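Student: So the protein lines, in turn, are chains A and B.
Following the working numbering, the numbering of the first sequence begins with 97 at its first residue and continues without gaps.
Following the working numbering, the numbering of the second sequence begins with 11 at its first residue and continues without gaps.
Please note that the accuracy of each hint is not assured.
Straight-line alpha carbon distances no greater than 27 angstroms define the calculated DSS-like cross-link-like pairs of lysine-lysine that follow [said to hold, decoys possible]:
| # | chain 1 | residue 1 | chain 2 | residue 2 |
| --- | --- | --- | --- | --- |
| 1 | A | 270 | B | 293 |
| 2 | B | 293 | B | 262 |
| 3 | B | 293 | A | 188 |
| 4 | A | 202 | A | 192 |
| 5 | A | 193 | B | 525 |
Keep in mind the hints are simulated off the structure, nothing from the lab.
None of these values were measured; they are calculated from a predicted model.
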Amino acid sequence: MREGRTKGGTWRRGCVSCPSIRAPKVPLAFSGGAMGSWQARPEQQHYYHQLAQKTGFSAEQIKNLHHRFRELSANGETISRAHLESIPTLAKNPIKKQIIDAFFDKRNQQEGESGRLEELDLGHFLMVMSHFRPPRHKSGEDERCAVRRQKLRFLFNMHDTDNDGTITLVEYRKVVEELLSKSGAIGHEAAKAIADAAMLEVASTNVPHMAPDEFYEGITFEHFEQILNGLEMESRMHIRFLDVDTSTVRCGKAGSTSTP
Amino acid sequence: MLARASAALLLPPLLFLAPRARASSDPAEAEEEREGHGHGGGGYRVVQWEWSYVQTPYVIAVWLLVASVAKILFQLSRRLTRVVPESVLLILLGLALGGLALLADDKQPYQLEPALFFLFLLPTIVGDAGYFMPARLFFDNLGAILTYAVAGTLWNAFGTGLALTAAHRLGVIDERVEAGLLDFLLFGALISAVDPVAVLAVFEEVHVNDTLFIIVFGESLLNDAVTVVLYKVYISFVEVGTENVQMADYFKGMASFLVVSAGGTSVGLVFAVILSLLTRFTKKVRIIEPLFVLLLVYLAYLTAELFSLSSILSMTFCGIGANKYVEANISQKSRTAVKYTMKTLASIAETLIFIFLGISAVDKSKWAWDTGLVACTLIFIFIFRALGVMGQTWVLNRFRLVPLDKIDQVVMSYGGLRGAVAFALVVLLDGQRVKAKDYFVATTIVVVFFTVMFQGLTIKPLVKWLKVPRSTSRKPTINEEIHERAFDHILTAVEDIAGLQGYHHWRDKWEQFDKNYLSKLLLRKSAYRKSELWEAYQKINIRDAISVIDQGGNVVNAARLSLPSVTSGASFPDASNVTSYLRENGSGVCLDLQVVDKVPGAKVEEETETHHVLAENLYKPRRRYQSHYSRHFMPAGEKERQDREVFQRNMKSRMETFKSGRHKRHKKERGLKKRRASDARDDGGDKPRRSIDRQDKDPVVIPVVSDEDDEFQCRRKEPETDDDVGITFVALKAEAPQKRPHSMTGAPPAADAHLPWKGGGAPWPPPCLSLEATKVIPVDLRQAWNQSISSLESVSEAAGSRAGASTRPASYAGAAPIAPAPLLEKNQEEEEEEDETVPLVPSRRPPVPSPLPAALAPGRHRKPRVYLRSLVTSPPSGGSEGPAGKGPTQL
Numbered sequence: 097m098r099e100g101r102t103k104g105g106t107w108r109r110g111c112v113s114c115p116s117i118r119a120p121k122v123p124l125a126f127s128g129g130a131m132g133s134w135q136a137r138p139e140q141q142h143y144y145h146q147l148a149q150k151t152g153f154s155a156e157q158i159k160n161l162h163h164r165f166r167e168l169s170a171n172g173e174t175i176s177r178a179h180l181e182s183i184p185t186l187a188k189n190p191i192k193k194q195i196i197d198a199f200f201d202k203r204n205q206q207e208g209e210s211g212r213l214e215e216l217d218l219g220h221f222l223m224v225m226s227h228f229r230p231p232r233h234k235s236g237e238d239e240r241c242a243v244r245r246q247k248l249r250f251l252f253n254m255h256d257t258d259n260d261g262t263i264t265l266v267e268y269r270k271v272v273e274e275l276l277s278k279s280g281a282i283g284h285e286a287a288k289a290i291a292d293a294a295m296l297e298v299a300s301t302n303v304p305h306m307a308p309d310e311f312y313e314g315i316t317f318e319h320f321e322q323i324l325n326g327l328e329m330e331s332r333m334h335i336r337f338l339d340v341d342t343s344t345v346r347c348g349k350a351g352s353t354s355t356p
Numbered sequence: 011m012l013a014r015a016s017a018a019l020l021l022p023p024l025l026f027l028a029p030r031a032r033a034s035s036d037p038a039e040a041e042e043e044r045e046g047h048g049h050g051g052g053g054y055r056v057v058q059w060e061w062s063y064v065q066t067p068y069v070i071a072v073w074l075l076v077a078s079v080a081k082i083l084f085q086l087s088r089r090l091t092r093v094v095p096e097s098v099l100l101i102l103l104g105l106a107l108g109g110l111a112l113l114a115d116d117k118q119p120y121q122l123e124p125a126l127f128f129l130f131l132l133p134t135i136v137g138d139a140g141y142f143m144p145a146r147l148f149f150d151n152l153g154a155i156l157t158y159a160v161a162g163t164l165w166n167a168f169g170t171g172l173a174l175t176a177a178h179r180l181g182v183i184d185e186r187v188e189a190g191l192l193d194f195l196l197f198g199a200l201i202s203a204v205d206p207v208a209v210l211a212v213f214e215e216v217h218v219n220d221t222l223f224i225i226v227f228g229e230s231l232l233n234d235a236v237t238v239v240l241y242k243v244y245i246s247f248v249e250v251g252t253e254n255v256q257m258a259d260y261f262k263g264m265a266s267f268l269v270v271s272a273g274g275t276s277v278g279l280v281f282a283v284i285l286s287l288l289t290r291f292t293k294k295v296r297i298i299e300p301l302f303v304l305l306l307v308y309l310a311y312l313t314a315e316l317f318s319l320s321s322i323l324s325m326t327f328c329g330i331g332a333n334k335y336v337e338a339n340i341s342q343k344s345r346t347a348v349k350y351t352m353k354t355l356a357s358i359a360e361t362l363i364f365i366f367l368g369i370s371a372v373d374k375s376k377w378a379w380d381t382g383l384v385a386c387t388l389i390f391i392f393i394f395r396a397l398g399v400m401g402q403t404w405v406l407n408r409f410r411l412v413p414l415d416k417i418d419q420v421v422m423s424y425g426g427l428r429g430a431v432a433f434a435l436v437v438l439l440d441g442q443r444v445k446a447k448d449y450f451v452a453t454t455i456v457v458v459f460f461t462v463m464f465q466g467l468t469i470k471p472l473v474k475w476l477k478v479p480r481s482t483s484r485k486p487t488i489n490e491e492i493h494e495r496a497f498d499h500i501l502t503a504v505e506d507i508a509g510l511q512g513y514h515h516w517r518d519k520w521e522q523f524d525k526n527y528l529s530k531l532l533l534r535k536s537a538y539r540k541s542e543l544w545e546a547y548q549k550i551n552i553r554d555a556i557s558v559i560d561q562g563g564n565v566v567n568a569a570r571l572s573l574p575s576v577t578s579g580a581s582f583p584d585a586s587n588v589t590s591y592l593r594e595n596g597s598g599v600c601l602d603l604q605v606v607d608k609v610p611g612a613k614v615e616e617e618t619e620t621h622h623v624l625a626e627n628l629y630k631p632r633r634r635y636q637s638h639y640s641r642h643f644m645p646a647g648e649k650e651r652q653d654r655e656v657f658q659r660n661m662k663s664r665m666e667t668f669k670s671g672r673h674k675r676h677k678k679e680r681g682l683k684k685r686r687a688s689d690a691r692d693d694g695g696d697k698p699r700r701s702i703d704r705q706d707k708d709p710v711v712i713p714v715v716s717d718e719d720d721e722f723q724c725r726r727k728e729p730e731t732d733d734d735v736g737i738t739f740v741a742l743k744a745e746a747p748q749k750r751p752h753s754m755t756g757a758p759p760a761a762d763a764h765l766p767w768k769g770g771g772a773p774w775p776p777p778c779l780s781l782e783a784t785k786v787i788p789v790d791l792r793q794a795w796n797q798s799i800s801s802l803e804s805v806s807e808a809a810g811s812r813a814g815a816s817t818r819p820a821s822y823a824g825a826a827p828i829a830p831a832p833l834l835e836k837n838q839e840e841e842e843e844e845d846e847t848v849p850l851v852p853s854r855r856p857p858v859p860s861p862l863p864a865a866l867a868p869g870r871h872r873k874p875r876v877y878l879r880s881l882v883t884s885p886p887s888g889g890s891e892g893p894a895g896k897g898p899t900q901l
């Protein structure tokens, strides 16, 4: 809806042209000894500051998320899969596994690596979380575009489980299947049909003229971007990072990135 | 006398609004008439003039006719309606009619009667709005809506009232207007509420984006509670007099606001629950399902009115609350019926309201004009509206993910239309107590006309000029739909991980609750099991199929995309059961294409022949349906098309049944079928391949069950069956045992193996109306296709009527006549289920490899077709599945 205002279709063109977002590469030594010193006030501030720069969260949000992080890790320094899996409210989420995978996916750390993380430190945690940060109110076209792309990339990575740059039909089916997994017996069959139809749709929108013996291998990121072009990401991939400690945080201060 | 009577006929509109007034003056007149006509003969009269007897319904009917015809007339000029909203035209028409009436009859005996408006016209509109309210959008924006509706309306009411008082004191408003503070506050209260009827009428033509629309419209609905309470409180204050109002009364006023709004809402919700529960049990009385919906929604309104709660709130929430469950419970046809009835009523009510507004304005007795009052009111309501919107938006934006920007605010301010509710309320005022009533009435009329006509006329250009994002009529694609759902879950998960209890968290909580308790309680079993995503998919699929058929262009494209077929193997790496694998892939072939495809092979030809016989000789194609099908001549509503589509799908599956019945005589065919049936039994638990019951959660339902359990009965009934449409499984069953060993081997005869449809799908090839399948029909074959469809329809009708089962699930009707009665009863639930699910059948395998265009067909089993990489790399692991076995998968 909102992007409709940008003279329709600008989005796509803009997005394609804008380079994929790159987080400022602050060489943070998260691992090892550096982490031990968090609790010291000045270092902590500094650390927060660095994180804030990297992830775009405000210091307060980071503080809250850090709080949550310690809650999850039982005051440890890192989070393992087991920690996330044991979150009770998550138990019923049909795509729980994928979400957790996404947290441990190095591709979402935006450092150009791929593979799996065994453990998450706060930096990683925040980095993944930052995909769900609402854009600044007064962000320009380019920035919006970059943010959108970043969010799409996150989604794409989530679907592309084997990291080969395409979402194959098998992978896509899996996604749909998991989305349907709660509806019992119908899930399998339906998922297949839906995923197939969806795939066909992608293929027909992106490669309208296929040679008879050509085949469609899977959804590439460009195609992915294209098919979700009509979706308003701005409101749909955001959550409001307010406060864990309700009293302390009021984001929405001038300049804060998180004005809901 | 005659002149008078004909005048009455010519101007029936005049009579309508005051039927009672008329009636009271009529007896004498009627008496007179009777005498006048009666003097001709003393005894029996051949023709009698019974005007007084039919008067009321007659006048109402004629009024409705006038309103409807007016709508047609307006549509004659596209240029006109593009610029001028219909509501404006209607008011103008009303003014004209009013003028006419004034000429014919000096006094204007009618106007928009509040009772008529509040009891009949308004509920139809609100009911429609509530029932079809986009619930998700509504609740996503509920915060904003409530703010504007409550805070905004209060602000407007007080602001306008106080400002008018001040203007009065300052002498801007003439002294003749005898009104004090309370009077002006009262007037402010009734004039400040945004009117749902006007908003709907105008915004529907403007097509602003959904968020903006839902906020303005939601506000107009929910502000009812505020308006009602303020109005009542002031009225009571005016009655007791300003000086007697005590402090406690203000608190009572506040309390009454809570009671009125919460009470109205809960009455609505209670009725929503009742309605949902009721529709759970209407399986046997499908025909009155729509009535239940209409009645209970209306009762929600009346009940709230009965307890002087907010009736609009009640009706709105009844509609919103019940919609989900009711839609799932009632049949597709009832859904359509409900929709059309509601829309028809709402539309006609809206038309009448605007016409009557126009007529009511032409009444000299009402025109107690005071320029000062009118001007001040117009200015103040506009200013306060704008200020209120700005202020509230500023606050709201701190909490909204997607802020409302300046342009939105302008549209919201400008879109604050006043309408018939204000008018009806002001007419209801007691002229004894509120001395300035006449001035208020005149002012209200002007305000309403100004907002509806001037603002309604200019809002379109304004929206265009401001480049307000419009709503796109584009429907979401399957991928978008999938991701919509995915977003919900992702966001919920992230909120959970981040330890936030945000909106998504609670929404998810609610959904859990709904799923675990409410749905179980309110949905019938068959509906309950269906997933939301699945339904969305179904809708999309149907829609796509239709659009594809409509366009008729994509034929070749789709044909190229055989990818899905391939992957079916990949998704079942464990496809050790070759037959099931084959069947699955084979069944991908589109039935109807086979009819026309020229495929080598004697068996195939045999089959084709049968199809031709089927298509051409058995049924008389109905032109009527064909024209339906070609859809180009009828601007069909979406629902209507869906309905039709569903019907066709049902036909399709019925045709399959039928066809297999026809095949009885082909031995080979039978053998295959047999095998299939036994296979289905073998791996039934695994994944039954029957295309028909695929949809069902318990896939084994109809055909298989009936086969096995009722074989005997079926056979007994065979004679009847034969001259009837013919049921599939009857004949098959009889021979099943002999052929069974075949199937046990697991590998189909090699000869058949490479014929995909033979391998698995032939006996029950999937109906090919599914998305891809339809796409695939070459243009030149469309004619044949259409014919087969139309012939199908005629069959279905015959079958349906014979079975006398108009309410029975269409898909089953074909089979029903022969099915033994006990079976029917036993399978009642399944039947039920099929009713809902059958339409899906084709969609089951939308991705089916498109049947080849005729040219490609010959190469079918030699030429490798399009594969998905995944399949190629991971062929089914089933050992017996050699390259030859894979043949069927390519299509």
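Student: Find the hints from earlier in the document that the structure breaks and name them by number, from lowest to highest.
Tutor: 1, 2 and 3
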